[in-house]
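Chains as they are written, first to last, in our numbering: chain A, 1 to 403; chain B, 1001 to 1293; chain C, 2001 to 2349.
No wet-lab data here; the hints were simulated from the structure. One or more of the hints may lead you astray.
Just the calculated beta-carbon pair ranges, DEER-fashion [to be verified]:
no.: 1; chain 1: A; residue 1: Leu166; chain 2: C; residue 2: Ile2314; range: 53 to 63 angstroms
no.: 2; chain 1: B; residue 1: Arg1159; chain 2: C; residue 2: Ile2220; range: 30 to 40 angstroms
no.: 3; chain 1: B; residue 1: Val1257; chain 2: C; residue 2: His2158; range: 16 to 26 angstroms
no.: 4; chain 1: C; residue 1: Gly2135; chain 2: B; residue 2: Ile1081; range: 25 to 35 angstroms
no.: 5; chain 1: C; residue 1: Asn2229; chain 2: A; residue 2: Gly227; range: 55 to 65 angstroms
no.: 6; chain 1: C; residue 1: Ile2314; chain 2: A; residue 2: Asp100; range: 19 to 29 angstroms
In silico SDA-like pairs for lysine to any residue, Cα to Cα no more than 20 angstroms straight-line [unchecked claim]:
no.: 7; chain 1: A; residue 1: Lys206; chain 2: C; residue 2: Trp2104
no.: 8; chain 1: A; residue 1: Lys385; chain 2: A; residue 2: Asp374
no.: 9; chain 1: A; residue 1: Lys253; chain 2: B; residue 2: Asp1002
no.: 10; chain 1: A; residue 1: Lys206; chain 2: C; residue 2: Ser2169
no.: 11; chain 1: A; residue 1: Lys125; chain 2: C; residue 2: Phe2054
no.: 12; chain 1: B; residue 1: Lys1118; chain 2: A; residue 2: Ala315
no.: 13; chain 1: A; residue 1: Lys119; chain 2: C; residue 2: Gln2164
no.: 14; chain 1: A; residue 1: Lys385; chain 2: A; residue 2: Gln163
no.: 15; chain 1: A; residue 1: Lys137; chain 2: C; residue 2: Gln2164
no.: 16; chain 1: A; residue 1: Lys62; chain 2: A; residue 2: Trp252
no.: 17; chain 1: A; residue 1: Lys390; chain 2: A; residue 2: Ser371
no.: 18; chain 1: A; residue 1: Lys245; chain 2: B; residue 2: Val1008
no.: 19; chain 1: A; residue 1: Lys295; chain 2: A; residue 2: Lys309
no.: 20; chain 1: A; residue 1: Lys367; chain 2: A; residue 2: Gly266
no.: 21; chain 1: B; residue 1: Lys1118; chain 2: A; residue 2: Lys119
no.: 22; chain 1: A; residue 1: Lys385; chain 2: A; residue 2: Val354
no.: 23; chain 1: A; residue 1: Lys125; chain 2: C; residue 2: Ser2169
no.: 24; chain 1: C; residue 1: Lys2170; chain 2: C; residue 2: Leu2331
no.: 25; chain 1: A; residue 1: Lys253; chain 2: B; residue 2: Ile1003
no.: 26; chain 1: A; residue 1: Lys385; chain 2: A; residue 2: Trp252
no.: 27; chain 1: A; residue 1: Lys385; chain 2: A; residue 2: Gly266
no.: 28; chain 1: A; residue 1: Lys55; chain 2: B; residue 2: Ile1003
no.: 29; chain 1: A; residue 1: Lys245; chain 2: B; residue 2: Ala1271
no.: 30; chain 1: A; residue 1: Lys309; chain 2: B; residue 2: Ile1112
no.: 31; chain 1: A; residue 1: Lys245; chain 2: B; residue 2: Ile1112
no.: 32; chain 1: A; residue 1: Lys125; chain 2: A; residue 2: Lys349
no.: 33; chain 1: A; residue 1: Lys119; chain 2: C; residue 2: Gly2162
Reference excerpt, derived from the structure (chain B facing chain A, CB under 8 angstroms, subset only) [said to hold, decoys possible]:
no.: 34; residue: Ile1003
no.: 35; residue: Phe1004
no.: 36; residue: Ser1010
no.: 37; residue: Ile1017
no.: 38; residue: Asp1033
no.: 39; residue: Glu1087
no.: 40; residue: Ile1116
Quick caveat: nothing in here was measured; it's all calculated off a predicted structure. Each residue gets a CB set at the ideal place from its N, CA and C atoms; glycine is no exception.
Each chain, written out:
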Amino acid sequence: MSLLTRFIALLLVSGLVGAGTAAAQTVVGVTATEIKIGNTNPYSGPASAYGTIGKVIGAYFKKVNDEGGVNGRKINYITYDDQYSPPKTVEMVRRLVEQDQVALLFQTLGTPPNSAIHKYVNQQKVPHLFVATGATKWNDPQNFPWTMGYQPNYQTEGRLYAQYVLKNMPDAKVGILYQNDDYGKDYLKGFEDGMGEAGKKLIVMKQSYEVTDPTVDSQIVNLKNSGANVFFNITIPKFAVQAIKKANDIGWKPLHFLNNVSSSLGTVLKPAGLEASRGLITALYMKEITDPQWKNDKGFQDWVAFMKKYYPEGALDDQSNAFGYNVAMLMTQVLKQCGNDLSRENIMKQAANVKNFELPLLLPGIKINTSPTDFAPIEQEQLAKFDGEKWSLFGEVLDAYRK
Amino acid sequence: MDIFVQQVVSGLATGGIYASLALALVMIYQATDVVNFAQGEMAMFSTYLAWSMMQAGLPYWGTFLATVAIAFVGGLLIERIVIRPVENAPILTIVIVTLGLLVIFNSVAGWIYSYIQKPFPSPFPAKPIRIGNIVFGAHDLGAIGVTLVVLMLLFAFFRFTTLGLAMRAAAQNPVSSRLCGIRVSWMLGLGWGLAAAFGAIAGMMVAPVVFLDPNMMGGIQLYAFAAATVGGFSSPQGAVIGGLLVGVTENLVGTYVSFIGTELKLTVALAMIIIVLLVKPTGLFGRTIVRRV
Amino acid sequence: MATKTSPVEKAATRVETAAAAAAQPALAARPVGLVALAVVVAVAISLPFFMSGFRLFQFTQVLIYAIALLGLNMLTGYNGQFSLGHGAFYGIGAYTTAIMIDRWSIGYGWTIIAAGLVCLIVGFLFGRPALRLEGLYLALATFSLALAVPQILKYFEHWTGGSQGIVLSKPKAPFGLRLTEDQWLYYLTLAVTILLFVLAWNLLRGRVGRAIVAIRDNHIAAEAMGIDNALYKSVVFGVSAAYTGIAGALSAIAIAFVAPDSFNVFLSITLLTGIVIGGFATISGAIYGALFIQFVPNWAQDISKAAPWAIFGIFLIVFMYVMPRGIAGFLHLVWIRLTASAVSREKGR
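Okay, chain A solo, but in the shape it has when bound (with noise of 0.2 angstroms):
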């Protein structure tokens, strides 16, 4: 009995010393040889086509690990599966920092699983970087001091063809597409921003459609008939391509932006025939990998070698592994410059302090740069047309932040 009791008394107390020292400490995760990092991505469930992100970025840190590490640690890569699902990730996430204490987040995906995280991972202080989304919300500092975005953000985008057609069609009629969820409704927003009060006149129709809908062709018949001169397609690349496929075919020709999101050439404008896309315009970031233009060089062929060598199951045509890439890059320059001090504080820093960085994969003239005010690593883009074999990019690289 008093062996019983002993027992449970050694119970209590190491549960209540265990809550007491649970406060995070500013050194978390590394040792002389080792740096933790943690992810989640969502590996099944209908979203699990992003899921190749968290691969290829998983192969990227082995490479970097093959050549030694960083400042002499390897890079230990944890990643869950948390099935894009909001109560999931915030699991995954407590027992990526609370269970295995990982030394900061990198790239968790998708908006809904990271507002879900947002407050705590800011609470509890640890480093969450580079998040895959293209939310607003990730450039906040201020408030949310520990959390910093990757991606020009839609809403960015949005406006830059708001004001391209402010410029160039006074006459516009324009029709929207987009998917009913928060990316398809920051784009909306960006670009209804974007056109002002103009807007209110200009934009004859919005028409959304849900992911699990099987087809936009009703849609695009709607916005056909409502007379609009041009259309604004705020689609991920399956329905990006009924809806280029459809307009063609029932004969409506607008002035057509597509969303960065379905800028894939071989995925998106080639099944959906290159002379239907013909004169789409968007607005790029990265090289496109599928767009022979980017064949010789140098950024390319680099990644085509790594993705054989390093994660040979991966797609060459999928853009997603070209995105993983160089975001994995730019998390390694980060600890490049965190030197030997690895604390979280430190590595904050660091990841607000890059200047003119530039990736491989980015288009030329694009840099990363941040600051303690600006959480926002890629801010620029470029418009371009296509021209039924290449993406030609027109006009200055342009940057909707300094508007």
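Based on the hints, put chains B and C in the right spot on chain A.
Okay, now just chains B and C, sitting in the frame of chain A:
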């Protein structure tokens, strides 16, 4: 008026997609009394096999026939190997096993073929057909035609062949059927095989429109359930009409009910299904089952 | 004997086991059952003393799922009304709580009760017309509900925050209790769970429970015996929805975030999986099922990141092979074997 007709036409086209998979669902329900959640994923997987064969250089119709045959054998094998051990378990247990199949097929397809959507060829001309201002997709018409042919074959099979009769008997009254010398267990396998074959046809008709990817059938299966429910799970022709109805209703609601617009299109379509069910609880064409106390 | 039984026979065998399982606490040597129950409760209460915050959070989720599964099992297992749409009630409960806390700053304790009430009413109202539907058709009607709810949530953006969802804060332990947030949430959830399980047990083992099961087994005969089928069925629907809604409310508080993506069709399917794996028409099955749906997907992904769903699917199928009547049914069978052999040994003496 043009817009109305055009919306109806495009509604029929998507409705045809729902109908083709709904047929497979009804087939398996008729033959085995089970709703197979993996039906869509099996169809998707068969379509990937067809894609692989075409990549290897096989001609379209050769691939088509080969895929249907493989799907048939595959369905049969799945019943014999995977379903049979739980044949006598409660129905929900079998349903959970089909859910297990769903996730396996989805995951394995993504693993083998990646999630990038792939174009899939259509046997019909690419050029749309125009009548006045109305545009018909040649593939859409062709796909509806194929669905109707399958429906007629199915009808004839159940109505005029001994095998079809035996299958219906096995599903409805296994004990008596066994006494008549019907090999009930094999009839179930046959049901799975046929449903898988119909699914494969549906997949090959759907893929040129929605493009081939591992999640291709996810949304469609939801609508196919709706279609089968509207039409009545015990009636193949009901499933086809149900599919077309769901497709057209959804489009017209999205177009004309302006306060709803496209954002609540699905909700309204679903509400209408529930209303149909309340008026006719076994679906429009379903048999009412009379039960003894 | 690999023969196919007719649906009627299947239903009959199902009823037998279910009835046997329901009668289990009464028959199976009461003291043993009570001791086991006491041990389980004691372990549950002591968990916070030796578990980290993260583990505790996982077990809070298990309790939440258990409540939802119990609700679904009342409806589907005991009353024979198939629902493929309980994720909808889970979502409605979660959003009721989130909106009340976020917009009206109401204490979270009240919102749990409110979520239960809202779902009770919605469930009752949905159950009323659904009376006309049977089996498969009811399942698909409820499935439609599960599909529609995320879309409706997005539509009423003003209240629900649209697709961005609503971010909440985790509640701190009240009354100056020296508990961490995780510990407090765990105890709160545990208290609610015990309360709801006791209520359900009382409800299902008595007169009402027998009526509910009678309706499932033979509704015409039940009617003839003077049971008001319509009333019972819609009330069961309401109560079942209320349970699931309370679970949703607790999950909103525990996760501190709601978004339409959290309540998609897969949630409804997961809940159905939970009751079948746990054990159809059993109370304890809710807990086994909850443990399964919380932990097995995690094991699956630890085995393979390349195709975690494939592993999970294999788990599902193997489980159903080994335990076609769920974990509770399996344990019951083991129990019978054990006692039977004990009895025969005694006789042998």
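Practice problem: Please name the hints from earlier in the document that this structure breaks, with their numbers sorted from lowest to highest. | Solution: Hints 7, 8, 10, 16, 17, 20, 21, 22, 24, 28, 29, 31, 35, 38 and 39 contradicted; others consistent.
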